[in-house]
Amino acid sequence: MLFPTLDFGLFFLPVLLLVWTVGLASNEWRKIILLLASWVFYGFWDWRFVALLIASAAINWGCAQAIQRRLDDGRSAQPWLGIGVAANLAILGFFKYFGFFLEQLAPILARAGWGRDLPVLEIILPVGISFFTFQGMSYLIDIARRQTAPASFLDITLLMSFFPHLVAGPIVRASHLVPQFKAVPRLTRGMVATALILICWGLFKKTVVASELATGLVDKTFFDPSAQTGLDLALGAYGYAVQIYCDFSAYSDMAVGLAALLGYRFPRNFDQPYRATSLQDFWRRWHISLSSWLRDYLYISLGGNRGGVWFICRNLMITMLLGGFWHGAKWTFLIWGALHGGVLAIERLWREWRPEGFPALPKPIAILIIFHIVVAGWIFFRADTLDGALAYFSQLWAFRPGLALASPLLCGLIALGLAIHFTPPTLLPALGRRVAAWPAPVLGLAVGLAILLTDAMRFEGVAAFIYYQF
Amino acid sequence: MADQFDSPVDVEADEQGLSGLAQMAVAVGIAVFTLAMLNAHALGAWADGLEPGARTARISAVVHKLADQAATRGLDGPRAALKQQWDRVKAARWPDQASGNQDQR
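Residue numbers (my numbering), protein chains in the order written: chain A, 1 to 470; chain B, 1 to 105.
Read the hints as simulated data drawn from the structure, not as lab findings.
Positions of the beta carbon are idealized from the N, C-alpha and C atoms, including for glycine.
Take these hints with a grain of salt, some might be off.
[Said to hold, decoys possible] Not close to chain B: a few residues of chain A, all C-beta gaps over 12 Å, as computed: (1) Leu13; (2) Ala110; (3) Ile124; (4) Lys182; (5) Tyr274; (6) His372; (7) Asp384; (8) Phe399.
[As the list claims (entries may be wrong)] Where chain B lies over chain A, by a calculated footprint (3+ residues, C-beta under 8 Å): (9) 125-136; (10) 155-165; (11) 310-322; (12) 440-447.
[Said to hold, decoys possible] Restraint ranges, calculated between C-beta atoms of paired labels, are given here: (13) Pro179(A) - Ala81(B): 33 to 41 Å; (14) Pro424(A) - Ala81(B): 42 to 50 Å; (15) His372(A) - Arg93(B): 21 to 29 Å.
Bound conformation, chain A alone (with noise of 0.2 Å):
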């Protein structure tokens, strides 16, 4: 079931009507018809993997428990982390990474005559495991860390399946979301009002901007590079960068909104990422959930900057790479990363290295190069081999003349997609302030016309959101 889709809103209105009038009796009434509805929505793809999902829960709530005896009794947490980190990490590769180190291994084994003994499994990726799994090793290490308190076992599985961050995140930790369960939620019309600008432009960036670029350019450049002309390749990578942008984004916002009308406040995911003035910038502004969490645990863990220079750079390149790979089992992906790490790492030297006096860059100059960067990661990410990448790499540089694909339309999508980079950062809370003040009437009106003239733009059908893969 998609946001984007009238099976989601004939879905959403009764929960919401459930949840403002058996929930405004009973908070924990509340939280169980949340629950059920989670289950629900995770059910419509594969009934069998809310299974996984309570397990998933029920083996972090079991490890929490233990770990909150070993720190009251003044014992190590170590071994109960341990078990726990190493039961999500097996829950996660085994679903997303079985496969691609057979496939890795299967050449070798062949070479040594044991290839017809590798299993043959068609392996179905859950959605959204990456993100609960994440948000099941956060909750234990904060557990671990003191951070935050064990939650009860209806507390962290609503954490593991509440709907509106299922399946694409924003990875919402323990300690921002289970003291929000705990009490009971209020709703203030500044947050009703941005919920629903969120919901409205979150589905325009989705089903219009990023569907139209997508049909249209993107998916066309990446199929067959060398067919295309070298304007609508470099069109097509910034179709690309936008796209993703439209797509992610749109899906946080839809998500941030949704919770808000139940009640639940979701951290930021995105801060107008390509206006970041260095790599470091771009990744507090992109993904801020998943950037953060690699920061709080993996980054800091490895030692963080608790080093020299080069220490600081192995821990920025092994994050970047395992950054990389949580996003699939791929080689592309790892190149993505690795380019991230790489360019992070050169950053960090240049800061530690640079000539005194020597001038900075200019802030336009400075963000267009680091807008580059990511865009030529961009085509590693989105290539379905590292062959398509690199092939599309070198039909860029062949740069054929003309332009076939890329209308006016598309080009001014990618200029509209590029420039809400470039609006005051207050915006949104200044609109969100001045919608508040609309009498219902006039906001409800507002909203329904403005998800018409999304629907007569929009394609018939929404593709599944990209993060939904990951």
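Got chain A; can you put chain B on it based on the hints?
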């Protein structure tokens, strides 16, 4: 720069008038009514996609009746006009650019 836990919905607004909950209930109700009137055909298309069965047939009959009534009263006009304009924008090409196979609907 965004704090890792700040939320985009943390907006301090004037809370005079209806409560947040009442504001949401009225706004969502009116948005749903507006869409049911002006975009009833979408409900029809959704019903057509359901698995065939006795209950589905009843839902489909009700939904199509609503869509037909809306069309008779011209309520589907604004969406159709918007779509027509959008299709015109989609079909536009640069000078010397061949008309591509852009429209995949």
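Between Pro179(A) and Ala81(B), does the C-beta distance stay in 33 to 41 Å?
violated, 49 Å
Whether Tyr274(A) stays farther than 12 Å from all C-beta atoms of chain B, as the label says:
With a cut-off of 12 Å, Tyr274(A) remains clear of chain B, as the shortest Cβ separation is near 15 Å.
Outcome of range test on Cβ distance (Pro424(A), Ala81(B); 42 to 50 Å):
violated, 33 Å
Decide, holds or violated, for the assertion that all CB atoms of chain B are farther than 12 Å from the CB of Ile124(A).
Correct as stated: the minimum Cβ-Cβ distance to chain B is 22 Å, above 12 Å.
Least C-beta distance from Phe399(A) to chain B larger than 12 Å
holds, 18 Å
Please settle this one: Asp384(A) was flagged as non-interface, so is its CB more than 12 Å from every CB on chain B?
Label holds. Min Cβ-Cβ 20 Å, cutoff 12 Å.
Least C-beta distance from His372(A) to chain B larger than 12 Å:
Since the minimum Cβ distance to chain B is about 22 Å, His372(A) lies beyond 12 Å and the statement holds.
Taking beta carbons only, do three or more residues of the segment 310-322 of chain A come closer than 8 Å to chain B?
Our answer is that it is violated, as 0 residues pass the Cβ test (under 8 Å) against chain B, missing three.
Outside-interface status for Lys182(A) - nearest CB in chain B farther than 12 Å
Label holds. Min Cβ-Cβ 17 Å, cutoff 12 Å.
The segment 440-447 of chain A covered by chain B? Criterion: 3 or more residues, Cβ-Cβ distance below 8 Å.
Since three or more residues must qualify, the claim that chain B covers the segment 440-447 of chain A holds, with 6 doing so at under 8 Å.
Holds or violated: the segment 125-136 of chain A covered by chain B, criterion of 3 or more residues with Cβ-Cβ distance under 8 Å?
violated (count 0)
Three residues minimum, CB to CB under 8 Å: does the segment 155-165 of chain A make the cut for coverage by chain B? Let me know.
Violated - the segment 155-165 of chain A has 0 residues with a Cβ nearer than 8 Å to chain B, which falls short of three.
Checked against the numbered hints listed earlier, the structure breaks hints 1, 9, 10, 11, 13, 14; every other hint is satisfied.
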